[in-house]
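Using the sequences plus the hints, can you model the full thing?
Take a look at the letters that make up each chain.
Number of protein chains: 2
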Amino acid sequence: MHQPLKNIEIFTSLSDAAFAEIARYIRMVSYPKGTLLIHADKVEPYFYILQSGIARAYSDGENQQITFWFGESGSVLFSFNSYINNKPGYENIELLEDCTLIQIRLTDLFKLYNANTEIANWGRKMAEHELIATERRLIDRSFKSAAERYQEFAGHSPSLLKRVALKHIASYLGVTQVTLSRIRAEK
Amino acid sequence: MHQPLKNIEIFTSLSDAAFAEIARYIRMVSYPKGTLLIHADKVEPYFYILQSGIARAYSDGENQQITFWFGESGSVLFSFNSYINNKPGYENIELLEDCTLIQIRLTDLFKLYNANTEIANWGRKMAEHELIATERRLIDRSFKSAAERYQEFAGHSPSLLKRVALKHIASYLGVTQVTLSRIRAEK
DNA sequence: GCTATTTTTTAACAAATGTAAAAGGTGCGC
DNA sequence: GCGCACCTTTTACATTTGTTAAAAAATAGC
Chain A
69 MHQPLKNIEI FTSLSDAAFA EIARYIRMVS YPKGTLLIHA DKVEPYFYIL QSGIARAYSD
129 GENQQITFWF GESGSVLFSF NSYINNKPGY ENIELLEDCT LIQIRLTDLF KLYNANTEIA
189 NWGRKMAEHE LIATERRLID RSFKSAAERY QEFAGHSPSL LKRVALKHIA SYLGVTQVTL
249 SRIRAEK
Chain B
69 MHQPLKNIEI FTSLSDAAFA EIARYIRMVS YPKGTLLIHA DKVEPYFYIL QSGIARAYSD
129 GENQQITFWF GESGSVLFSF NSYINNKPGY ENIELLEDCT LIQIRLTDLF KLYNANTEIA
189 NWGRKMAEHE LIATERRLID RSFKSAAERY QEFAGHSPSL LKRVALKHIA SYLGVTQVTL
249 SRIRAEK
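Chains as they are written, first to last, in the working numbering: chain A, 69 to 255; chain B, 69 to 255.
Wrong hints could be hidden among the right ones.
Unchecked claim - Simulated crosslink set (DSBU-like; lysine-lysine; CA at most 35 Å straight-line):
1) B/K155 - A/K193
2) A/K110 - B/K212
3) B/K212 - B/K235
4) B/K74 - A/K193
5) B/K212 - A/K212
6) A/K193 - B/K179
7) A/K155 - B/K179
8) B/K212 - A/K193
9) B/K212 - B/K101
10) A/K101 - A/K230
11) B/K235 - A/K212
12) B/K74 - A/K179
13) B/K193 - B/K179
14) A/K179 - A/K101
15) A/K179 - A/K110
16) A/K101 - A/K193
If you are wondering where the hints come from, they were derived from the structure by calculation, not from laboratory data.
What follows is the structure, encoded as structure tokens:
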């Protein structure tokens with residue numbers, strides 16, 4: 069039933085047996101654009117893998133929202149604090165387009181982690197992969213100018229650039245919308 | 069032989085059996101202040117846990133060094149790219165004081181990950197823990213002014229503030245040393 | 001304790017980015 | 001097609017931060 073899913077990138081490193089284990093707990097879900105899939109003030113019970121569409125994670129401040137993550141097809145999507153600490157988190161995740169997602173209950177995922185070494189290492193690698201990407205972005209904030217960060221984003225994620233509102237990209241890059249507009253106006 | 073080590077925080081969640089497995093591969097090492105323990109341009113074969121002393125990770129730019137991480141007793145210390153991708157990385161790790169460390173060969177650590185579910189999940193949690201901390205720092209770069217980030221650092225890590233050169237703290241906070249000096253001069 | 005070296009602070013000026021408000025665009029429902 | 005809501009750009013000005021250089025302070029080694 070879920071065999072086509074075996075081909076999506078995040079699962080390709082898994083053996084057929086391990087994938088079959090996970091597949092038992094998978095549910096496919098679809099939600100429309102604008103859905104707030106993860107709420108900052110709730111313990112969210114699900115872990116998702118994005119199949120189609122795009123999403124953003126953001127955090128609410130006093131007078132601004134900071135978008136700190138974008139997800140595209142293949143991205144994993146969950147509340148860090150629910151996942152790691154079983155507490156409400158700081159992140160909201162909003163679907164920016166109609167999306168199809170693979171849904172797994174966190175309690176099931178943790179059972180799989182504890183029961184299957186291969187799946188535990190798969191989860192470890194997911195976290196490590198996110199970690200290295202996040203750390204690079206943090207370092208780039210210091211090394212690169214806003215204009216360079218924009219150019220890099222545009223070169224690396226042309227699809228997101230087209231599909232995501234610039235105000236979200238601005239906060240993702242760590243600048244105001246006005247600054248981003250100025251950067252885009254030059255050259 | 070290594071029994072006192074069982075009490076350091078990073079190992080407390082492990083069962084005695086799992087810790088005993090790890091302990092077989094542990095070596096204690098000491099290096100003087102100033103040692104460059106991890107080199108950006110090399111594949112580094114070891115994973116360390118800091119027992120005493122402090123360290124910093126930094127990345128080299130054209131005309132600046134960016135310090136993006138500090139380690140204290142209990143911190144894990146390794147080259148991300150060696151650990152995750154088996155390639156030279158972007159990070160150097162320098163000991164800022166004489167240090168004692170627990171050393172584990174990466175090839176041994178990976179064997180343990182693949183052989184023991186509990187240890188694989190222990191590694192997963194280490195990565196997740198670092199990930200959440202790194203992401204928070206990235207978000208804080210957008211939400212908080214340099215002055216706020218300094219106040220928070222000073223409140224949260226008074227020990228580092230005393231022991232680490234301000235120029236390193238400045239780049240950790242994402243500002244120049246001149247700006248940090250101005251922040252410290254106010255109020 | 002003294003000198004050499006490094007770190008930190010201060011100053012003056014330049015550049016980048018933020019704020020607020022207005023104007024222009026775009027999309028969508030009616 | 002019109003009007004409304006939201007997004008993006010532009011403008012003018014304020015503020016923050018960076019740059020460069022020098023002085024002052026702290027530290028390390030002899």
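Hints violated by the structure (numbers, ascending): none
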